[in-house]
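These protein sequence lines map, in sequence, to chains A and B.
Quick note on my numbering: the first sequence kicks off at 1 and runs consecutively.
Quick note on my numbering: the second sequence kicks off at 1 and runs consecutively.
No lab work stands behind these hints, which were simulated from the structure alone.
Positions of the beta carbon are idealized from the N, C-alpha and C atoms, including for glycine.
Take these hints with a grain of salt, some might be off.
[Claimed, not checked] Computed, partial: chain A to chain B, Cβ under 7 Å: (1) Pro99; (2) Ile103; (3) Pro160; (4) Pro163; (5) Leu174; (6) Met177; (7) Ala180.
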Amino acid sequence: MLSIIQRQESAGGTSGLERYTLGQAANLTRDDVALIAVVSVVAAAIVLLLYKEFKILSFDPDFTQTQGWPVLGLDLAMMGVLGLVAVVGVKAVGVLLVPALLITPAAAARFWTDRLGRMLWLAALFGATSGALGTLLSSGLLPDMIGFDPLAFGNNSPLPTGPVIVLTGTALFLVSMLFAPGRGVVARILERLQVRQKVNRENLLRTLYEFSEPALPNLPGVQQRRLEEERSWTANQARRLLRWAESEGYVELENGSGRLTNDGLAKAAAITRTHRLWELFLIQGAQIASDHVDRDADAVEHFLPQEMVEDLEATLAAQGRLPHLPGDVPVSPHELSAHAGTPADRAGKEPGDA
Amino acid sequence: MPEWLQVLLPQYTAERWMLAVAMMVNVACGLIGCYLVLRRMSLMGDAISHAVLPGLVLAFLFTGSLNIAGMLIGAFAIGLLTTFLTQALHRQGNVPADASMGVVFTSLFALGVVLLRRYAGNVDLDPDCVLQGQLAVLPEFEVFGRSIPRAAISIGVVLVLDVAFITLLWKELKISSFDPALADTMGLRANLVHYLLMAMVAGTTVASFEAVGSILVIAMLIIPGATAHLLTDRLGRMMAIAAGVGLLSAYLGFVGSSQYINIEPAGLMAAAGGGLFLLAVLFSPQYGIVSTVVRNLQTSVRIIREDILAMLYRMEELGVVRRMGPREVVLAVGGTPAAALALWSLFRQRGVARDEGGLLLTQKGRERATQLVRSHRLWEAYLVEHVGLPLDHVHAPAERMEHYIGPGLQKEIAQRLGDERKDPHGREIP
Numbered sequence: 001m002l003s004i005i006q007r008q009e010s011a012g013g014t015s016g017l018e019r020y021t022l023g024q025a026a027n028l029t030r031d032d033v034a035l036i037a038v039v040s041v042v043a044a045a046i047v048l049l050l051y052k053e054f055k056i057l058s059f060d061p062d063f064t065q066t067q068g069w070p071v072l073g074l075d076l077a078m079m080g081v082l083g084l085v086a087v088v089g090v091k092a093v094g095v096l097l098v099p100a101l102l103i104t105p106a107a108a109a110r111f112w113t114d115r116l117g118r119m120l121w122l123a124a125l126f127g128a129t130s131g132a133l134g135t136l137l138s139s140g141l142l143p144d145m146i147g148f149d150p151l152a153f154g155n156n157s158p159l160p161t162g163p164v165i166v167l168t169g170t171a172l173f174l175v176s177m178l179f180a181p182g183r184g185v186v187a188r189i190l191e192r193l194q195v196r197q198k199v200n201r202e203n204l205l206r207t208l209y210e211f212s213e214p215a216l217p218n219l220p221g222v223q224q225r226r227l228e229e230e231r232s233w234t235a236n237q238a239r240r241l242l243r244w245a246e247s248e249g250y251v252e253l254e255n256g257s258g259r260l261t262n263d264g265l266a267k268a269a270a271i272t273r274t275h276r277l278w279e280l281f282l283i284q285g286a287q288i289a290s291d292h293v294d295r296d297a298d299a300v301e302h303f304l305p306q307e308m309v310e311d312l313e314a315t316l317a318a319q320g321r322l323p324h325l326p327g328d329v330p331v332s333p334h335e336l337s338a339h340a341g342t343p344a345d346r347a348g349k350e351p352g353d354a
Numbered sequence: 001m002p003e004w005l006q007v008l009l010p011q012y013t014a015e016r017w018m019l020a021v022a023m024m025v026n027v028a029c030g031l032i033g034c035y036l037v038l039r040r041m042s043l044m045g046d047a048i049s050h051a052v053l054p055g056l057v058l059a060f061l062f063t064g065s066l067n068i069a070g071m072l073i074g075a076f077a078i079g080l081l082t083t084f085l086t087q088a089l090h091r092q093g094n095v096p097a098d099a100s101m102g103v104v105f106t107s108l109f110a111l112g113v114v115l116l117r118r119y120a121g122n123v124d125l126d127p128d129c130v131l132q133g134q135l136a137v138l139p140e141f142e143v144f145g146r147s148i149p150r151a152a153i154s155i156g157v158v159l160v161l162d163v164a165f166i167t168l169l170w171k172e173l174k175i176s177s178f179d180p181a182l183a184d185t186m187g188l189r190a191n192l193v194h195y196l197l198m199a200m201v202a203g204t205t206v207a208s209f210e211a212v213g214s215i216l217v218i219a220m221l222i223i224p225g226a227t228a229h230l231l232t233d234r235l236g237r238m239m240a241i242a243a244g245v246g247l248l249s250a251y252l253g254f255v256g257s258s259q260y261i262n263i264e265p266a267g268l269m270a271a272a273g274g275g276l277f278l279l280a281v282l283f284s285p286q287y288g289i290v291s292t293v294v295r296n297l298q299t300s301v302r303i304i305r306e307d308i309l310a311m312l313y314r315m316e317e318l319g320v321v322r323r324m325g326p327r328e329v330v331l332a333v334g335g336t337p338a339a340a341l342a343l344w345s346l347f348r349q350r351g352v353a354r355d356e357g358g359l360l361l362t363q364k365g366r367e368r369a370t371q372l373v374r375s376h377r378l379w380e381a382y383l384v385e386h387v388g389l390p391l392d393h394v395h396a397p398a399e400r401m402e403h404y405i406g407p408g409l410q411k412e413i414a415q416r417l418g419d420e421r422k423d424p425h426g427r428e429i430p
């Protein structure tokens with residue numbers, strides 16, 4: 001991916017040291033800037049004209065070849081543009097930091113989108129921003145412009161421009177990596193927490209159902225401590241989950257034990273049915289030992305989409321194996337007990353329907 | 001000192017020390033670089049050699065001097081940090097591996113430059129020195145009354161450390177380079193080995209900076225290993241060859257720069273290394289381009305030779321009276337230079353003889369031809385009976401297979417066919 005190098009203001013700065021290694025962004029002449037601008041435009045033009053070709057080539061070179069595109073030529077074109085940009089970049093940030101300009105904005109842009117076009121624009125934007133911002137920061141002009149010095153350096157001698165540009169780019173990258181919605185670290189942690197919470201809540205309901213099962217159709221109260229033991233929760237966790245269930249109307253709380261409501265029973269029954277279907281499938285279909293199954297079922301059952309559940313039921317029913325676990329009816333225990341076993345009955349009904 | 005050695009070595013002590021330093025640098029880098037090549041992490045060498053800069057600056061700031069021990073410690077620490085950050089970005093941040101390397105090392109390098117300028121602005125940082133090293137002007141120490149360049153001591157120590165590291169962790173490095181998953185299941189922690197290796201690379205590159213500069217260190221790390229990799233498949237030999245390549249390129253570069261061209265030796269050393277690599281690419285017995293071409297040519301000629309023999313046999317079998325002259329035969333098998341070469345080699349091997357009527361098989365040639373035709377027809381019969389191919393599809397594959405069916409395979413096929421005496425076209429199997 002290419003970043004388009006922004007024109008930079010010439011500011012008084014580091015004089016004449018290591019121009020090749022570290023660039024001389026601060027000492028660019030008007031001609032230099034013009035050259036950079038021209039090269040940037042040419043590079044951008046090539047990228048836009050060859051957008052489709054570069055796209056296929058990057059994602060699936062074999063396909064590109066079978067479709068008849070001149071893979072070698074396209075490769076060369078890409079490398080050519082890369083070379084152009086790199087050479088121009090040397091003037092700005094020096095040969096050692098050109099990779100930063102090439103990689104960091106693109107890597108940052110990757111976090112924000114899955115679409116190539118948007119990624120290109122974002123990368124260009126990030127590149128330009130880090131170029132401009134870095135130049136301002138390193139030139140020492142920024143404090144004058146905005147009234148205070150964000151970098152709070154003691155002495156005010158200007159910093160080398162190239163490295164500061166790179167560091168600005170890295171800062172943008174880090175922000176993207178952490179805070180981009182969806183792909184960012186924070187977003188993924190939050191999602192993981194949400195999933196875990198959902199799992200725990202469903203496990204609560206299922207455990208309540210399992211403890212209540214022997215007594216059905218009566219709904220006994222289940223002591224919180226039993227829940228804690230069964231699922232290895234701490235008292236705090238158990239209490240919080242029970243409170244949630246109460247707030248949703250699934251559970252009535254009384255003296256440290258919870259009792260399923262009718263709504264709660266219906267929901268818990270549905271969850272348990274899914275769990276048991278999957279268990280059965282794993283035992284009989286995937287031939288996993290029965291004492292391994294509960295954990296697997298725990299992991300997967302929460303992610304089963306509705307169609308898959310119906311498929312499983314249909315398959316098992318066709319084989320005469322839809323769960324009729326001894327003494328037990330997986331779905332709504334009241335009226336359906338007479339009909340249990342035919343998916344057609346269940347398909348049109350919500351658990352708890354009459 | 002023997003005469004021949006005197007001629008080879010440079011004249012003055014100072015120069016001899018420079019050569020020694022150069023050689024040690026190349027060997028140390030070459031040895032440790034072998035693992036980078038094997039693990040397909042050659043770019044890490046580049047990355048680490050840049051990323052060490054902030055480590056060096058910090059070491060300088062802490063110790064207040066350019067003390068080499070401090071530099072090395074700073075380098076080791078930064079080597080570990082680079083590896084850690086790259087892995088963190090890759091695993092936790094979901095950044096592709098090469099991009100995370102790129103982001104980390106450039107950022108660290110930029111940071112190093114900023115730190116350098118801001119807090120160590122009066123340290124002498126000559127660009128040519130940074131790029132190419134300053135082999136010619138090495139500061140010296142007094143040791144046991146003799147003047148030894150400081151660089152020789154530092155690189156000497158690092159060389160010893162490298163050799164010790166490689167020797168002590170030989171098995172671990174070997175297994176984790178070729179099969180990290182296996183290493184983990186055996187309890188040799190591949191990740192830990194990786195970290196240690198990166199730290200050693202960092203230390204080696206820093207110690208080499210003074211002699212050959214930061215950019216050419218990368219050449220010294222990779223070229224010997226890459227060259228050796230083309231020449232052997234055994235790790236021990238690869239390291240030995242790498243060391244040899246390092247020594248040789250050091251010597252050639254050094255001699256070249258002092259005798260002929262007036263430039264820093266580091267560049268010539270890298271160029272010499274590159275030349276050696278090119279030689280390996282071309283002439284490596286197993287992987288070289290030239291060797292491959294020669295091998296292919298030899299195979300072509302052999303196949304054409306056998307085709308000629310088989311053709312003459314079939315003509316005899318059919319009782320064709322008119323015999324073919326050499327030119328006709330060559331044309332019949334393609335008319336290429338390889339065909340001419342094949343016929344010529346047949347003459348040499350006494351497979352055919354020539355009289356006024358044309359070419360005829362010698363006894364030796366006839367024996368070989370018999371074998372070929374037997375293989376051919378057995379294979380045809382096999383294809384028809386056991387593979388079920390239709391009759392008109394069996395000749396072409398058999399034409400190709402006949403060259404590769406040896407006596408053992410013939411016996412097996414014959415067994416499978418029972419006592420078949422005729423091929424599917426009705427001809428007798430010799």
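Here's how the hints hold up against the structure:
Below 7 Å, beta-carbon pairs count as interface contacts, and proline 99 (chain A) has one with chain B at about 5 Å; its hint therefore holds. The interface hint given for isoleucine 103 (chain A) is met, as the beta carbon of that residue sits about 4 Å from the closest beta carbon of chain B, less than 7 Å. For proline 160 (chain A), the interface hint holds, the least distance from its beta-carbon to any beta-carbon of chain B being 5 Å, beneath 7 Å. For proline 163 (chain A), the interface hint holds, the least distance from its beta-carbon to any beta-carbon of chain B being 4 Å, beneath 7 Å.
The interface hint given for leucine 174 (chain A) is violated, since its Cβ lies 9 Å from the closest Cβ of chain B, which is over the 7 Å cut-off. For methionine 177 (chain A), the shortest C-beta to C-beta distance to chain B is roughly 5 Å, which falls under 7 Å, so the interface hint holds. Taking 7 Å as the C-beta contact cut-off toward chain B, the hint placing alanine 180 (chain A) at the interface is violated, the least distance being around 10 Å.
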